[in-house]
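Visitor: Chains A and B, in that order, are what the protein sequence lines are.
Under the numbering used here, think of the first position of the first sequence as 1, with each following residue one higher.
Under the numbering used here, think of the first position of the second sequence as 166, with each following residue one higher.
Some hints could be false.
[Stated by the list, open to error] Restraint ranges, calculated between C-beta atoms of paired labels, are given here:
1) B:418 to A:58: 27 to 37 Å
2) B:429 to A:156: 23 to 33 Å
3) A:92 to B:310: 14 to 24 Å
4) B:373 to A:87: 22 to 32 Å
5) B:413 to A:155: 27 to 37 Å
6) B:264 to A:58: 39 to 49 Å
Calculated from the structure, these hints are not laboratory results.
Computed from a predicted model, the values in this text were never measured in an experiment.
We put the beta carbon where it would ideally sit given N, CA and C, even for glycine.
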Amino acid sequence: MVTATLTLEQTVWEVAATVADPEIPVLTIEDLGVLRAVTIDDDGAITVTITPTYSGCPAMDAIRDDIITALALQGHANVQVNLVLSPAWTTDWMSAAGKAKLEEYGIAPPTGKAAAGKVSVGLSVKCPQCSSLNTRELTRFGSTSCKALYVCQDCREPFDYFKVH
Amino acid sequence: MSESNASATRITPGNALRPEDIAASDAKPSEAVGEYALRLGDDALILAQRLGWWISRAPELEEDVALGNIALDQMGHARSFLAYAGHAWGKTEDDLAYFRGEDEFRSSHLVEQPNGDFARTIARQLVISQYQFTLYARLMNSTDATLAAIAAKAVKEVDYHRDHARQWVLRLALGTDESRRRIIEGILLTWPYVGELFEDDDLVTGLDGVAVRPSDLRPAFDADIESLFAEAELEVPAVPFAVGGGRHGRHSEHLGYILAEMQVLAREHPGATW
Chain A
1 MVTATLTLEQ TVWEVAATVA DPEIPVLTIE DLGVLRAVTI DDDGAITVTI
51 TPTYSGCPAM DAIRDDIITA LALQGHANVQ VNLVLSPAWT TDWMSAAGKA
101 KLEEYGIAPP TGKAAAGKVS VGLSVKCPQC SSLNTRELTR FGSTSCKALY
151 VCQDCREPFD YFKVH
Chain B
166 MSESNASATR ITPGNALRPE DIAASDAKPS EAVGEYALRL GDDALILAQR
216 LGWWISRAPE LEEDVALGNI ALDQMGHARS FLAYAGHAWG KTEDDLAYFR
266 GEDEFRSSHL VEQPNGDFAR TIARQLVISQ YQFTLYARLM NSTDATLAAI
316 AAKAVKEVDY HRDHARQWVL RLALGTDESR RRIIEGILLT WPYVGELFED
366 DDLVTGLDGV AVRPSDLRPA FDADIESLFA EAELEVPAVP FAVGGGRHGR
416 HSEHLGYILA EMQVLAREHP GATW
């Protein structure tokens, strides 16, 4: 058996990866694909790079502060968090584990691939409560920019859907 | 980061993230590119301020949320563009948003038009979202990496705004006599300000490859509007273009009121954070 020794970058990544999205606390920023890179320069200064889901996402300030706090608790004081726009985030970056956690939490994960371009025929969104495909969009703009509000026509439960983007 | 350039929109002084930290902090645009970014950012900023008014006043709760979300997206785009523009003159996004006068704003007349009733707001949304969608789709290919990155992010969001406006135009036009009367009136009131969006000038023609030439966007805009209007049984109004000049700082009286409301706190308490 090979014993893996984590590099400092990997260690820092794992700490940063524990930070949860303040609006969807069941997901970490790693699950979402928001955590993009960790670099450490020769002086030991740590740079964590994150990317916003939407341009105006108000959670980014909180995520930045949470990363700094999480790393400070592990003794890393010299931390800078950079935000990059390019390449633009897409829902394709959300991990499979993240999608499973979303569904368990009651939010329907994105269906289809953003990279495939626009799909003009709407794909069914599965109800996270009863798994029915007989659901309907109530409003495309939901409780946050990244979500739409749906209702299940079988179990009658309203639920959030994480939009493909 | 010194306290003096602390952001007025920041939660934690000296500690929160600003798009200027984002938008390629080592890339300093030329003044011409800065001026172009200012136009894009000012359109988004003024539109965000206008749309924010609807929160709690829209005809249904879902619309409060929708228009609020659209305003938030526009605010995000404005912050990125203004932060980048500011690099050209050593200014922050807040300097540009809160401490410029009317004649220094480069927004179009369209975005400063009054909200009117819901149909008029939707007519304005139709035009601006259709324009921004076409613009950002092309700006993604800009030779300026920062503008291209902001556009690539924004185009996906504006696509939702555009779809939202189009669905509402259909619903209002094909709904009741009253909803149809109102969307027709909203379109009539909006159309004089369409022309300005597609006017070229020396600044954009001088930024070949960086900026998107506004007149190049017109055919796609017209085609999209015509197909929607055919479906909605509407006609493109035959109205003359109103006076433009927003890109050069000439505005109607509406902008002053918007800025007064938007800027009052930052000007009363310079450097305030909350």
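Visitor: Look at each hint and say if it fits the structure.
Guide: Hints versus structure:
no.: 1; hint: B:418 to A:58: 27 to 37 Å; result: holds (32 Å)
no.: 2; hint: B:429 to A:156: 23 to 33 Å; result: violated (46 Å)
no.: 3; hint: A:92 to B:310: 14 to 24 Å; result: holds (22 Å)
no.: 4; hint: B:373 to A:87: 22 to 32 Å; result: holds (25 Å)
no.: 5; hint: B:413 to A:155: 27 to 37 Å; result: violated (58 Å)
no.: 6; hint: B:264 to A:58: 39 to 49 Å; result: violated (23 Å)
Consistency note: the structure conflicts with the earlier hints numbered 2, 5, 6.
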